[in-house]
Amino acid sequence: MGVEFEPRIVAFMCNWCTYAGADNAGVARLESPSNILPIRVMCSGRISPEMVLRAFRAGADGVLVMGCHLGDCHYSAGNHRTVKRMPLLQNLLGYVGVNPERLERVWVSASEAPRFVEVTKAFTDKIRQLGPLAQEVTE
Amino acid sequence: MMDAGRHPNITLLTYSEVEGVSGYLGNFTVRVRKKARYVKEDVCTGCGLCQEKCPFKVVDDVFEAGMAKRKIIYRPFGQAIPNIPVIDREHCVFFQKGKCGACKKLCPAGAIDFEQQDQLLDLNVGTIIVATGFALWDARKLSQYSFGKSPNIITGEQFERLSNAGGPTMGKILLANGKPPESVAIIHCVGSRDHNAHAYCSRFCCMYALKHAHLVRDKTGAQVYEYYMDMRTFGKGYEEFYQRVQEEGVTMVRGRGAEVQVLSDGKLRVKGEDANLGRLVITDVDMVVLCTAAEAQPDADRVAALFGLSRTADGFFAEAHPKLRPVETNTDGVFLAGCAQGPRDVPDTVAHAGAAASMALALLDKGEVTISPTTASVVAEECVGCGDCIPVCPYTAISRVDGKAKINAALCKGCGTCVATCPAGAIRALHFTDEQIVAQIEGVLAWA
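Chains as they are written, first to last, in my numbering: chain L, 1 to 139; chain Y, 1001 to 1448.
Hints may contain errors.
[Said to hold, decoys possible] Calculated pairs, EDC-like style, for lysine to aspartate or glutamate (alpha carbon to alpha carbon, straight line, at most 20 Å):
{"#": "1", "chain 1": "L", "residue 1": "Lys84", "chain 2": "Y", "residue 2": "Asp1388"}
{"#": "2", "chain 1": "Y", "residue 1": "Lys1323", "chain 2": "L", "residue 2": "Asp23"}
{"#": "3", "chain 1": "Y", "residue 1": "Lys1040", "chain 2": "Y", "residue 2": "Glu1115"}
{"#": "4", "chain 1": "Y", "residue 1": "Lys1271", "chain 2": "Y", "residue 2": "Asp1284"}
{"#": "5", "chain 1": "Y", "residue 1": "Lys1105", "chain 2": "Y", "residue 2": "Asp1042"}
{"#": "6", "chain 1": "Y", "residue 1": "Lys1034", "chain 2": "Y", "residue 2": "Asp1118"}
[Unchecked claim] Listing some non-contacts, in silico: residues in chain L with all C-beta distances to chain Y over 10 Å:
{"#": "7", "residue": "Gly26"}
{"#": "8", "residue": "Gln90"}
{"#": "9", "residue": "Leu92"}
{"#": "10", "residue": "Gly97"}
{"#": "11", "residue": "Pro100"}
{"#": "12", "residue": "Glu118"}
{"#": "13", "residue": "Gln135"}
Think of the hints as simulated: they come from the structure by calculation, not from any bench. The structure presented is a predicted model; accordingly, all values stated were derived computationally and were not measured. Every residue gets a Cβ at the ideal spot worked out from N, C-alpha and C, and that includes glycine.
Excised from the complex, chain Y in its bound form:
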């Protein structure tokens, strides 16, 4: 991350959003709204004094997954690049009530600027990589897991914060009352492989669930019950890790964790079927970890519309071909990387992103592209100059030159809408001419 931030050929635009994309491969214009962070980036030294002195805090739902608070002027997390804070305008007392301004008074560099405005940048780029990641399924939607009814029912992401040395408990795995748990249940496939939620497998949960089990055993020695449907440890070294976790004394229960009940003494009762035993099993535990599904980002529809992407039935962005073109999209020059295309773990994401980067760079390095020969062209002698074709072209590739329609081959994508529209039949769709299509029709109907 730091390398990307320092690289002379990489401009990082954090806290920014794409608002519009126009143009085509090699010549995209991307309109980016660089939101006002109310801190002058060129002046801020990243000393962190403002964060220290800001008197107000809110719950951090993003990085800390609701497990800890952050200041109103903050960086998303300790290693965030660039090392420049942002003011959360919605919660800032200065913006809401016009008082405070502690950060401005105390900043030794004078970098705080409450007057800063959003900036609109128009970037001219050759290729685009969409790497917008994924969201996590809201476990509240499946009420049988009682998520939200006890502070000791947490998601895998929240457990991640608990076990992190920089997290709210300094890496100690503790219950809400501050005591270490004596028993923990980890439930796989919450929202995945479930026809009431997502039908697909979220792919990376099995491995992190095993890691969580290992950490609980290692740090607390608590009894761990792992409720799984199938253990999908498909990667290199993964099955070996599964063996190791089993040897560490984790109890594996083969079957979906069906229900979590909060008992009156605060204990959590986990019910499920153990398919290996062929009977219902009930366990009372102190903590439940729900491995929630990965799903497409909530704004995936908007992003898809911006970049001209299509989406698969699961909501993730569609690749150009499921097997042979997993990185490209149907829009030339736009590539996909990581979980934006579908759930995948870290090594797979690194490989996917590497492929996207090299494909994007290869195009730029070559400096020229081979366009598809399926474009339309006007036979000038037959054109009557009515202009009906001009408004139907989605790419504004047609213009009227000397009273006749003229098609810019670089802009034309060959859809053929103009060909079907032309009342004079003066436009030919190369490789899809009327003669060719009619010959095909007659060909397929030739058998009697």
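Next up, chain L with everything else stripped away, as it sits in the complex:
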């Protein structure tokens, strides 16, 4: 191949915390990896397991589900649903032959622009190590 593998990562971001945090990272001229493909949703609670699976099926090498810290949810408790759903989904991913590590749920608040950069860099590095999803899943 010669060319280093660049993963494609779908990042679901809630409108109030993480999306604003990503925005602030931009305002502050902090560089975050271009591997992150943002999908804005109103709340991390909007992200159904089906959405995550759809992202993997459409060719994502990793999926980040990002929202407000517990207690900070703009909608009071939408992220409480996320915190229950995602570990369950991770379990199921293992059964279908997708490394559960490829899905991560992270909280980043609007004021945590540097954390946004940190988290996205770390996840990108992790997925780069894991290699393309296509290699892992055999038809």
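With the hints as your guide, set chain Y onto chain L.
Then chain Y, alone, in the frame of chain L:
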């Protein structure tokens, strides 16, 4: 302040605390605990006799910053609105031991009521402005400044009381021994711009530090040493004032005041680096004024939770956008004014508060609001009526009507949690439908 107290459309609730907020823009219900002040407000004439006759005093840590005492029945300060005193129950001898009651015996209007109870008020309001102000950094937390070890090491706030004509020294700048100081050091950035304390600049200290220097020169003629890192005189007319203070003979030392030592003769030794000279400077002075940082109120977390506000990393309440929406919050109908949002000086606070007031009024005047179209709606034919969506809704916007889920669009904020929960896929999040999100996912992944 007096105008606000007299205005027919303004109800002032002093000595009261918000305990709960529910509802939404245009229809908030705010539960306020109006604490018992043990003085009947409608009977009290504000003559002040009770304060005069109360035989006990305590140190006033609030208005007088610990520099003077106040009576147990008191008004916070001379011009306080309304002109009605309050009994400090914790220190009142009558409440503690059941004796005294001098105020009750002597009140000519019969306004003292030891039996008064807290009142809970439910107010229906359309918009809310949070203007809870700031607190000052406790200089004891940075031990190198020796705050508390000498009565002549004071904060900028305490100096304010010293120089005030109504203050404990009638406006004379005096040391604890009653003599005027011969030399004064003013140290900027105590707790601000310091990674051991607050990283941010407290914004208004430079100007008041210069004012203090000017007052010391003007009132006592004492030598003044001003230890500053950067002089931030950014406002209109501010730089000119800085020039004026320099011309008045204040010695400017460019560098953080690093340490204050209390010498055995009571003198105070201030050490710091003068970056302009490139060497350590040591000055022995009679008085040290510490310009302590402004910080978020200690109960900011509780207030944030009450009003649904978020906070920035510095602890102050977060505005909706740092540049374009500095007054609004992420909760519709709740606005911020003044230092609750971040440190700012008087003209900036007046401008900020004016903006908050006009935004709040504009909404009320219009009488109707435009709500976001990003709400959820149920496709009745697909709904199986399981009711899973009802408990997940944070806004209780979903109810079961004729065996099917129904969403109240006025209450729905469009988070979409119900959409992701619905096992039948019968709920659509308008503008965030499954099809739209999937199209986005496929779109961003289209490049190979």
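Hint-by-hint comparison with the structure:
1. Lys84/L x Asp1388/Y: Between Lys84/L and Asp1388/Y the Cα gap is close to 15 Å, so the pair holds against 20 Å.
2. Lys1323/Y x Asp23/L: 12 Å, holds
3. Lys1040/Y x Glu1115/Y: 10 Å, holds
4. Lys1271/Y x Asp1284/Y: Within the cut-off at roughly 9 Å; holds.
5. Lys1105/Y x Asp1042/Y: Measuring from Cα to Cα gives roughly 18 Å; hence the hint holds.
6. Lys1034/Y x Asp1118/Y: With a Cα-Cα distance of about 6 Å, the restraint between Lys1034/Y and Asp1118/Y holds, given a limit of 20 Å.
7. Gly26: Holds, since 12 Å exceeds 10 Å.
8. Gln90: 16 Å, holds
9. Leu92: Given that every Cβ of chain Y is farther than 10 Å from that of Leu92/L, nearest at about 15 Å, it holds.
10. Gly97: Since the minimum Cβ distance to chain Y is about 19 Å, Gly97/L lies beyond 10 Å and the statement holds.
11. Pro100: 19 Å, holds
12. Glu118: 14 Å, holds
13. Gln135: 15 Å, holds
In summary, this structure violates none of the numbered hints.
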